Amino acid sequence: MKNFIISLLIFLLWAFLGMWWYYSCPICETSQNNTYQQIEKEVVDKESVSKSKLNTPNSLFNITNENSNTIFSFQDQLKIFKDSTSVHIPESSISFKDSIFSYLNNNQNKQLQLVGWYKDGEWRNNNDSLNFGVDRANYIKNVLVKFGINPDKISIRGAKQDYNYTTGIYNGGIELFFKDISETKSQEIDNGISHKTLYTKFNSREFIPDNTLLTYTADLKNYLQIHPNKSVTITGHTDSVGDESDNEIIGRDRATNVMNHFISQGIATTKLKALSKGELAPIAVNNTKDGRAKNRRIEIIIN
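Positions 2 to 304 (the numbering used here) are the ones given, in order, by the sequence shown.
Source of the hints: derived by calculation from the structure; they are not laboratory data.
Values in this document were obtained by computation on a predicted structure and should not be read as measured data.
Be careful, since some hints might not be right.
[What the hints assert, rightly or not] Ranges of calculated distance between the beta carbons of each label pair, as one might list FRET restraints:
| # | residue 1 | residue 2 | range |
| --- | --- | --- | --- |
| 1 | LYS186 | SER85 | 25 to 31 Å |
| 2 | ALA294 | LYS161 | 37 to 43 Å |
| 3 | SER130 | ILE209 | 40 to 46 Å |
| 4 | GLY267 | LEU199 | 14 to 20 Å |
| 5 | GLN226 | ILE284 | 42 to 48 Å |
[Claimed, not checked] Okay, derived cross-link-like pairs now, DSBU-like style, lysine-lysine, Cα gap no bigger than 35 Å in a straight line:
| # | residue 1 | residue 2 |
| --- | --- | --- |
| 6 | LYS186 | LYS231 |
| 7 | LYS197 | LYS272 |
| 8 | LYS186 | LYS278 |
| 9 | LYS186 | LYS142 |
| 10 | LYS98 | LYS197 |
| 11 | LYS180 | LYS98 |
| 12 | LYS278 | LYS83 |
| 13 | LYS278 | LYS120 |
| 14 | LYS186 | LYS295 |
| 15 | LYS278 | LYS197 |
| 16 | LYS142 | LYS278 |
| 17 | LYS274 | LYS231 |
| 18 | LYS83 | LYS120 |
| 19 | LYS147 | LYS186 |
| 20 | LYS147 | LYS274 |
| 21 | LYS278 | LYS180 |
| 22 | LYS197 | LYS186 |
| 23 | LYS197 | LYS111 |
| 24 | LYS98 | LYS142 |
| 25 | LYS274 | LYS222 |
| 26 | LYS197 | LYS83 |
| 27 | LYS231 | LYS295 |
| 28 | LYS98 | LYS120 |
| 29 | LYS222 | LYS197 |
| 30 | LYS222 | LYS278 |
The C-beta atom is built at its ideal place from N, Cα and C for all residues, glycine as well.
Based on the sequences and whatever the hints tell you, model everything.
So, in structure tokens, the structure goes:
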């Protein structure tokens, strides 16, 4: 019995000393804290990667000519996605739209070629001609057209390539380069210039030049230099809201504003004529918002 009591006391003393050492030892505490910190760091790192993977720096985004010489260079590549036809445009490269806009307006013999990449199996309805590459190129084309660039000066096609997605993303996948306008393409562009309809937000009688009008002005000026015997008729149209005689005046004012803009950009007054049809030639119903918006327009015909 005596030996049992002695053994029990020794065990309790050993246990007490062990607990005291564990809680008072700075090395143990530091090791434990470091373990917790490492776990927390791994969690934060994973969250950071998830949130910022679209902003990961990558190779430069270059727009070239047909000979692969760089015309414009931007900080970050466009990004394409697995199982998607959308394209991510990094904020650091958003100015590529302005660069293309200015280049095409100042180089009337050039067009833009867009090439979208796709992998084997990336197509719709099991049809290779309906591939994701064409859709991705068309996505960028729509962005540029919305910015005000002439859609007739943008060509698109897909290209089947061998590449791998990382976490569902590929840096690149869209090629952009400028090339000479072919004879066939030139005829398409001329047809678009000779019959043009312009829309804008008509909150007043003032016609505020937007990028679409600026692009058309550059194209028209070049067209008239090539075809000096041509003349231009600008006709203003309105919706049916308000008095008919007032709408005729509003239409004429808008057409005159466009004509004056053309003159300010160097197009001869003798080649221009401004008319109005007011509300008398609608192309849509006037009892809906969308219909009225379509009727408020400027039509330009080259004779």
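Point to revise | 35 Å Cα cutoff - pair LYS274, LYS222 | key: holds, 15 Å
Check your understanding: Does LYS222 pair with LYS278 here, judged by a C-alpha cut-off of 35 Å?
Key -> holds, 25 Å
Point to revise | GLN226 paired with ILE284, Cβ distance criterion 42 to 48 Å | key: With a Cβ separation near 31 Å, GLN226 and ILE284 fall outside 42 to 48 Å, so the hint is violated.
Check your understanding: Taking the CB of SER130 and the CB of ILE209, does the distance hold inside 40 to 46 Å?
Key -> The hint (40 to 46 Å, Cβ to Cβ) holds, given that SER130 and ILE209 are roughly 41 Å apart.
Exercise for review: Assess, step by step, whether the Cα of LYS98 is no farther than 35 Å from the Cα of LYS197, and give holds or violated.
Suggested key: It holds: about 22 Å lies between the C-alpha atoms, which stays within 35 Å.
Review point. Holds or violated: LYS278 with LYS180, Cα cutoff 35 Å?
Key: violated, 40 Å
Exercise for review: For the pair we were handed, LYS142 and LYS278, check the Cα-Cα distance against 35 Å.
Suggested key: holds, 33 Å
Review point. Is LYS98 close enough to LYS142, meaning Cα to Cα at most 35 Å?
Key: Holds - the C-alpha atoms of LYS142 and LYS98 are around 10 Å apart, at most 35 Å.
Check your understanding: Is LYS186 within 35 Å of LYS295, Cα to Cα?
Key -> holds, 28 Å
**Study point:** Cβ distance range 14 to 20 Å for GLY267 and LEU199, holds or violated
**Key:** With a Cβ separation near 19 Å, GLY267 and LEU199 satisfy 14 to 20 Å, so the hint holds.
Point to revise | Distance restraint between LYS98 and LYS120, which requires alpha-carbon spacing of 35 Å or less | key: holds, 27 Å
Review point. Given the proposed pairing of LYS222 with LYS197, does the C-alpha separation stay at or below 35 Å?
Key: With a Cα-Cα distance of about 14 Å, the restraint between LYS222 and LYS197 holds, given a limit of 35 Å.
Consistency note: the structure conflicts with the earlier hints numbered 5, 12, 13, 21 and 26.
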